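Asker: Please construct the entire structure, taking both the sequences and the accompanying hints into account.
If you want the working numbering, it's the position in the sequence shown, counting the first as 1, plus 56.
Hint data in this document are derived by calculation from the structure and do not stem from the laboratory. There could be a bad hint or two in this list.
[Claimed, not checked] Here are the computed lysine-lysine pairs in the DSS-like style, where the Cα-Cα straight-line distance is at most 27 Å:
1) K347 to K331
2) K345 to K394
3) K394 to K347
4) K356 to K331
5) K331 to K394
[Said to hold, decoys possible] Computed beta-carbon distance windows for the label pairs:
6) P254 to S346: 41 to 47 Å
7) G269 to L401: 17 to 23 Å
8) G107 to R157: 37 to 43 Å
9) A66 to S276: 32 to 38 Å
10) R71 to T226: 37 to 43 Å
11) S276 to N344: 23 to 29 Å
Computed from a predicted structure; not experimentally measured. Note that beta-carbon positions come from the ideal geometry of N, C-alpha and C, so glycine has one too.
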Amino acid sequence: MFKVFFRYRALAFSREIALLSQHLKQLLGMLFAVLYTALPGIVLLVFLGLGKIIKAEGGSVNQLWIAWCFLAVQTIFFYALQQAILNIEQRCFQLSIACSRWWMWLADCRNLLFTHVFLWCSVFLLLTMSSTQLSQNTHFMIFTALQLGLGFLSLYRMQQTVLFCLVSATLILALPYLTPLIMMLSWVTVFIGCIFIPTFNWQKEFKVNTLVGFWFSFYSRHYQILFWRLASGVVVTAGMLVLASEREDFTYLAAYFSCFIFLLLITTLHIEVAKITAQFRAFFHSLNKSKTFNYSRIFKSVMVYFILLVVIATIFTQWWLAVGVGLVAIFCFYIAEKKPERLALVWMCFLVGGLFI
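Answerer: This is the structure:
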């Protein structure tokens, strides 16, 4: 029976991963193929980033920010794979065929370890170190343990994982003079504290008698589509800030990629919101507010992106870049509204073309 249960979880996991890949292909189109071919380069960047955590030339602050970016990216990664790893849709069915909850936990562990590429990269680097190097990089061993622990926390208690990321980032900002070892130990303390924090329900009922109330109610119930995009954008921007602090000549490129990553995230959010809210069009049409509803949906997306664009321009002091990307953004939002299937191609053309200007 144990083998049958594990075989079922393996089949369910592979099926969920296939569905997720298909969804990404539909969402990103040609861009998905480009990212797939760039996979070796992404793996190389992961190892370079981990190498910076071991020994950072830009100082301990950059070292800590790179470590935080890895943990934040890992959180987003497992947020996307949570349903596949746990097989959430069939969780009750699993209880009926598993003789013990330990079976389910062991299957969860296997799926987690199978997908935890960041952990395996860190373990590989640890295995290549000598005993002397290991004693000099105790903070990296603690970081590897945090990767594993935070992976499990991401599966079962995502709210606490997000809280950990927020508190750990605050510690870097408030106590930049701490050594990497002391900071890692403080992160372990925060992690242990997050384990004992109960899950809370922050969703509230909003009166849907205005468009503002409707959008508040909508995003309180569909916060997932907003959370992972903003989190991804923040992580990318933080990584670009680290790059700009180490290489001032890369400041323009760091701001450039931050602007375009946020543009892709917000325009795809606009497309996804349009699909979800299609069921409400008849309701607003009956109230003679269909045009107002569409305008509010478009205005909301454009306004959010331009606010983020101003923030990025302020951080990197690249105002002329913000003006140029702003014009590109208007055209991309038009494509996202009228021909969403071509958005990925248009975005990539502007991204690559802008590098040669």
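Asker: It remains to establish, for every hint, whether it holds in the given structure.
Answerer: Each hint tested on the structure:
1. A distance of roughly 16 Å separates the Cα atoms of K347 and K331; the hinted pair therefore holds under the 27 Å criterion.
2. A distance of roughly 20 Å separates the Cα atoms of K345 and K394; the hinted pair therefore holds under the 27 Å criterion.
3. Simply put, K394 and K347 have alpha-carbon atoms about 15 Å apart, close enough for the 27 Å limit, and the pair holds.
4. The suggested pairing of K356 with K331 holds, with an alpha-carbon distance near 16 Å, which does not exceed 27 Å.
5. Between K331 and K394 the alpha-carbon distance is near 13 Å, which keeps this suggested pair within the 27 Å criterion.
6. Checking the proposed 41 to 47 Å range against P254 and S346 shows it holds: the Cβ atoms sit about 43 Å from each other.
7. Taking 17 to 23 Å as the suggested C-beta distance range, the pair G269 and L401 does not conform, at roughly 37 Å.
8. Taking 37 to 43 Å as the suggested C-beta distance range, the pair G107 and R157 conforms, at roughly 40 Å.
9. About 36 Å separates the C-beta atoms of A66 and S276, a value consistent with the hinted range of 32 to 38 Å.
10. Here the CB-CB span from R71 to T226 is close to 40 Å, well matched to the stated 37 to 43 Å.
11. Remark: the range hint 23 to 29 Å for S276 to N344 is upheld by a beta-carbon distance near 26 Å.
When the structure is compared with the earlier hints, a violation turns up for hint 7 alone.
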